[in-house]
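Visitor: Sequence:
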Amino acid sequence: MSKEVLHVCVMIVFFNITLCQNIDDYKRLYNDLFDSYNPELKPVLNNSDNMRISIQFSNLGINNFDEVDGILSLSATINMSWTDSSLKWNPIDYNNVTEISVFKSTVWFPYLLLINDIHKIKTFGANSLIKVFVQHDGSIIWMPGDIINSKCPANMKKFPFDEQECSLTFVVWDAAWQVFPQPAEIPYTDFYATQNPDWNILSTKVGINQLFGNMSYEVTLKIKRVPLYYNILLFLPITLLSLLNPLVFLLPHDSGERLSYGVTILLSFVIFLTLASDKIPATSNPISFLIVFIVMVFTTSAIIMFFNLINSYFFHKHPTEIRGFLQYTLKSMCRKRRKNQVMPLHKDIITYKDLASSLDKLC
2 MSKEVLHVCV MIVFFNITLC QNIDDYKRLY NDLFDSYNPE LKPVLNNSDN
52 MRISIQFSNL GINNFDEVDG ILSLSATINM SWTDSSLKWN PIDYNNVTEI
102 SVFKSTVWFP YLLLINDIHK IKTFGANSLI KVFVQHDGSI IWMPGDIINS
152 KCPANMKKFP FDEQECSLTF VVWDAAWQVF PQPAEIPYTD FYATQNPDWN
202 ILSTKVGINQ LFGNMSYEVT LKIKRVPLYY NILLFLPITL LSLLNPLVFL
252 LPHDSGERLS YGVTILLSFV IFLTLASDKI PATSNPISFL IVFIVMVFTT
302 SAIIMFFNLI NSYFFHKHPT EIRGFLQYTL KSMCRKRRKN QVMPLHKDII
352 TYKDLASSLD KLC
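Position one of the sequence shown corresponds to residue 2 (my numbering), numbered consecutively onward.
For the record, the hints were derived by calculation from the structure and aren't laboratory data. Note that CB positions come from ideal geometry on N, CA and C, so glycine has one too. Be aware that a few hints might be false.
Unchecked claim - Below, computed lysine-lysine pairings styled on DSS-like, alpha-carbon distance capped at 30 Å:
(1) Lys206 x Lys159
(2) Lys280 x Lys121
(3) Lys223 x Lys121
(4) Lys123 x Lys43
(5) Lys43 x Lys105
(6) Lys43 x Lys132
(7) Lys225 x Lys152
(8) Lys105 x Lys89
(9) Lys43 x Lys89
(10) Lys123 x Lys223
(11) Lys159 x Lys223
(12) Lys132 x Lys121
(13) Lys280 x Lys223
(14) Lys105 x Lys152
(15) Lys105 x Lys206
(16) Lys123 x Lys225
(17) Lys225 x Lys159
(18) Lys223 x Lys158
(19) Lys152 x Lys206
(20) Lys105 x Lys121
(21) Lys105 x Lys28
(22) Lys123 x Lys206
(23) Lys121 x Lys206
(24) Lys225 x Lys206
(25) Lys223 x Lys152
(26) Lys43 x Lys121
(27) Lys206 x Lys280
(28) Lys28 x Lys132
(29) Lys121 x Lys225
(30) Lys225 x Lys158
(31) Lys28 x Lys43
(32) Lys206 x Lys223
Stated by the list, open to error - The calculated label-pair distances, taken between Cβ atoms and stated as ranges, are:
(33) Tyr112 x Ser140: 13 to 21 Å
(34) Ser106 x Ile288: 49 to 57 Å
(35) Val69 x Lys132: 33 to 41 Å
Using the sequences and the hints, build the whole thing.
Guide: What follows is the structure in structure tokens.
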């Protein structure tokens, strides 16, 4: 019993001594590095020297894409690394401490401005609490994350089978900074289970350009809509209604359902046109194929409704005899039903009701 207690006491004392030594080493290293360090000064030996910054963009997933307002919202991180020659030390002098983490305000760090933000030009990761990792060779790594709300005008020509291309433009604060992009990643497709139910990311490209005399870091996202919802909600019902629309002429005139049938289908197209227009910007150019399709079937339905009204008018008109050119045309329609067969017309008097029946067969 006494030996076990002795072993436990020895282990506790040893752990406390080691912990105190590590804390003391970190404190001493921190004081040695930052006592005379000024985070406002660019960490180069000569102020005219260029600052080399390595940047890697990682998309964590699309939060939302508003086609009407042209706003892309996504979560992302940017891995930035650079070298600060004044933050080097020999690990042997500090009990093999090779890395420390400090708040970003403690060291100099680069500013990346997202210039196509919907609200204002802001610094990426400005409110991030992620600490900066400083390594013994002066290498500094900072991986801030942020929610990006960027402008992205939508091209709705092929809606709902459309693909959108959105660009994120980051501008470095100083013209003397040299930005070196690393290959972009889409980590959530491989490591994260959550994906956006409406959009799939096809590709992510990065590049360097010049903007306002400074280097800009360009990230181009290509996304594709998942069309299943719109196929079921729009395309399938509209196609079925288009097939049902001409069948109005098969209904008997005496049933009284012809006009209500035609009006119901006509109003259905109006409803679907409203649903589709809610997802498409009013200034969309070019116009969506879906809108053109709905307008075409709506126009066809209106024409069918027009002939249906004329036909109903003739059918319920006073049964008077038709004479002149209209009588001759109607007799020709009744007799020449087939190419090589002539059908006899047994009555000489043709009324408007006969005209309505012939129009039904013609339509």
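Visitor: Mind listing which of the numbered hints don't hold for this structure, in increasing order?
Guide: Per hint list: zero violations.
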